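J.: As a plain string of letters, each chain reads:
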Amino acid sequence: MPTKKQLSAKSAGLLQCLDCHKLLRYPEVKPREKLICPRCGAAVHQRRPDSLAKTWALAITALICLIPANLYPIMTLTYRGEPDTSTIIDGVILLVKDQAIPIAVVIFIASIAVPFLKVFGLITLLLSIQLKWNLSPRQRTLLYRIIEAIGRWSMLDVFTVSILVALVQLGSLAEITAGLAATFFCAAVVITIFAAMSFDSRLIWDNPNPDKPELNIDE
Amino acid sequence: MAATIAEKIDLSGLTACHACDLLIENQHMLPGSKTVCPRCGTTIEDPIADTVNKTLAVVITGLILWWPANFMPILTMTIIGNTSDNTLMGGVIDLYRGGFYWVSLVVFVCSVLAPSAKFFLLLIVLLHIKLDHYTRLLTTLFRFYGYLDSWGILEVYMIAVLVSITKLVDLAAIHAGLGLYCFVGLLLTSILAASNLDKERIWESIEQLCQQKNS
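Chains as they are written, first to last, in the numbering used here: chain A, 13 to 231; chain B, 2 to 216.
The set of hints was computed from the structure by calculation and includes no laboratory data. Hints should not be assumed to be uniformly reliable.
[Unchecked claim] So the derived label-pair ranges between C-beta atoms look like this:
#1 B:Tyr97 with A:Ile101: 21 to 29 Å
#2 A:Gln111 with B:Leu114: 31 to 39 Å
#3 B:Glu208 with A:Leu143: 38 to 46 Å
#4 A:Leu19 with B:Met90: 45 to 53 Å
#5 B:Asp171 with A:Ile76: 33 to 41 Å
#6 A:Asp102 with B:Gly99: 15 to 23 Å
#7 B:Leu179 with A:Leu143: 49 to 57 Å
#8 B:Ser13 with A:His57: 40 to 48 Å
#9 A:Glu160 with B:Trp103: 18 to 26 Å
#10 B:Phe121 with A:Ile101: 36 to 44 Å
#11 B:Asn215 with A:Pro80: 48 to 56 Å
#12 B:Asn215 with A:Ile76: 46 to 54 Å
#13 A:Leu139 with B:Asp171: 25 to 33 Å
[Claimed, not checked] Derived lysine-lysine pairs resembling DSSO-like cross-links, with alpha carbons at most 30 Å apart:
#14 B:Lys200 with B:Lys131
#15 B:Lys214 with B:Lys200
#16 A:Lys46 with B:Lys200
#17 B:Lys200 with B:Lys35
#18 B:Lys200 with A:Lys66
#19 B:Lys214 with A:Lys46
#20 B:Lys214 with B:Lys131
#21 A:Lys46 with A:Lys66
#22 B:Lys35 with B:Lys131
Being a predicted model, the structure only gives us computed values, none of them experimental. We put the beta carbon where it would ideally sit given N, CA and C, even for glycine.
Construct all of the structure, not just a fragment, from the sequences and the given hints.
T.: Right under this line is the structure:
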């Protein structure tokens with residue numbers, strides 16, 4: 013395989029607007045001066061400011077929210093006067109008992125596996141950059157894209173609660189109310205989406221050793 | 002050294018990968034052939050022929066379905082002669098009444114506000130491009146469309162409807178309402194709108210309109 017010099021926009025003194033993908037020349041600016049994209053008006057940066065610190069903060073917050081989200085009940089079903097509270101995992105177990113295996117798998121993946129994997133995936137990306145781990149940048153970019161794409165599916169349980177709360181309202185006969193876990197779970201999902209957004213995937217490809225020239229083996 | 006390279010480079014034939022920042026020659030590919038970043042594999046450009054007309058048609062279809070999908074009953078439940086139903090907005094209101102303000106806000110944004118706003122913003126931006134009319138708000142509106150992309154998640158809501166049916170099927174008789182059919186239509190149109198929208202082309206059109214206005 014031939015080695016070929018691959019230039020990033022940053023090392024060529026250029027920057028790209030992340031909102032409209034316009035390529036711009038990096039102008040002479042004073043420190044802390046705000047740069048605005050001439051095409052779309054968004055603030056532009058060569059790299060998102062404090063990307064790693066923000067992503068760390070949000071990922072840890074999400075992880076903390078996930079603990080009460082899984083321990084507290086997410087909803088209470090009162091059927092003919094008998095209240096029955098259930099946590100997220102109770103819901104999955106109940107569906108397995110009812111032989112609704114495919115739905116149980118979907119809920120397990122969306123509300124238990126995805127949030128945790130997302131947070132741990134982000135932490136892996138953060139550590140790989142900060143500790144200069146020798147992992148394939150291409151695979152790490154793929155991991156980031158997967159994290160970005162699957163995050164929204166965790167909203168499944170929150171939406172289910174919102175449907176059931178509105179639908180099952182028959183007073184003393186049958187009634188469903190939301191539980192405390194709904195708030196924490198919802199917070200965890202929203203925070204992980206923000207965490208994925210604040211991560212700048214271009215940092216994966218930045219040369220960790222500025223002394224050496226930026227050379228990459230062309231795959 | 003970096004500054005000298007930047008001065009020499011002609012920007013018109015260049016673009017950068019938004020995922021890894023690699024400089025790539027802009028090939029202005031024909032519709033149907035997409036450009037992929039050679040370094041990280043991210044899709045750079047996927048041109049779509051006639052994107053404005055196609056997307057506009059889909060957006061108008063979506064807006065017709067918008068009212069029934071948001072305000073007509075999605076599911077109806079019957080237990081021993083007692084019936085109750087739910088709508089997209091009803092779930093938001095009942096969560097709010099139950100004291101779950103934050104959850105209701107998030108459900109409102111993800112299931113009602115963001116999907117609706119995406120349709121309306123697209124309609125405004127595409128109509129302006131179609132009619133060659135420029136206003137300064139155009140760039141802000143289309144930028145907002147980009148921000149809403151992560152939050153409009155109708156497909157997840159659709160699966161949540163199926164999960165709710167599975168959970169209640171032993172307890173009561175569940176029927177699909179008119180809202181559900183319109184909701185499925187709205188979901189399909191939102192997917193079609195996203196897949197027919199060529200954002201790079203729209204940004205270029207907005208830039209051209211701006212230059213026409215200034216010259």
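J.: Indicate, hint by hint, whether the structure satisfies it.
T.: Now the hints, each set against the structure:
1. B:Tyr97 with A:Ile101: 21 to 29 Å: holds (27 Å)
2. A:Gln111 with B:Leu114: 31 to 39 Å: holds (37 Å)
3. B:Glu208 with A:Leu143: 38 to 46 Å: The hint (38 to 46 Å, Cβ to Cβ) holds, given that Glu208 of chain B and Leu143 of chain A are roughly 42 Å apart.
4. A:Leu19 with B:Met90: 45 to 53 Å: Taking Cβ atoms as reference, Leu19 of chain A and Met90 of chain B lie about 51 Å apart, which means the hint holds.
5. B:Asp171 with A:Ile76: 33 to 41 Å: Taking Cβ atoms as reference, Asp171 of chain B and Ile76 of chain A lie about 36 Å apart, which means the hint holds.
6. A:Asp102 with B:Gly99: 15 to 23 Å: holds (20 Å)
7. B:Leu179 with A:Leu143: 49 to 57 Å: The hinted range 49 to 57 Å holds for Leu179 of chain B and Leu143 of chain A, with Cβ atoms some 56 Å apart.
8. B:Ser13 with A:His57: 40 to 48 Å: The hint (40 to 48 Å, Cβ to Cβ) is violated, given that Ser13 of chain B and His57 of chain A are roughly 23 Å apart.
9. A:Glu160 with B:Trp103: 18 to 26 Å: holds (23 Å)
10. B:Phe121 with A:Ile101: 36 to 44 Å: holds (40 Å)
11. B:Asn215 with A:Pro80: 48 to 56 Å: About 55 Å separates the Cβ atoms of Asn215 of chain B and Pro80 of chain A, which means 48 to 56 Å holds.
12. B:Asn215 with A:Ile76: 46 to 54 Å: Given range 46 to 54 Å: holds, Cβ gap about 51 Å.
13. A:Leu139 with B:Asp171: 25 to 33 Å: violated (46 Å)
14. B:Lys200 with B:Lys131: holds (15 Å)
15. B:Lys214 with B:Lys200: Within the cut-off at roughly 21 Å; holds.
16. A:Lys46 with B:Lys200: holds (25 Å)
17. B:Lys200 with B:Lys35: holds (13 Å)
18. B:Lys200 with A:Lys66: OK: Lys200 of chain B and Lys66 of chain A at ~28 Å, within 30 Å.
19. B:Lys214 with A:Lys46: Answer holds: Lys214 of chain B to Lys46 of chain A is near 26 Å, not above 30 Å.
20. B:Lys214 with B:Lys131: With a Cα-Cα distance of about 15 Å, the restraint between Lys214 of chain B and Lys131 of chain B holds, given a limit of 30 Å.
21. A:Lys46 with A:Lys66: holds (19 Å)
22. B:Lys35 with B:Lys131: holds (24 Å)
Of the hints listed earlier, those the structure fails to meet are numbers 8, 13, in rising order.
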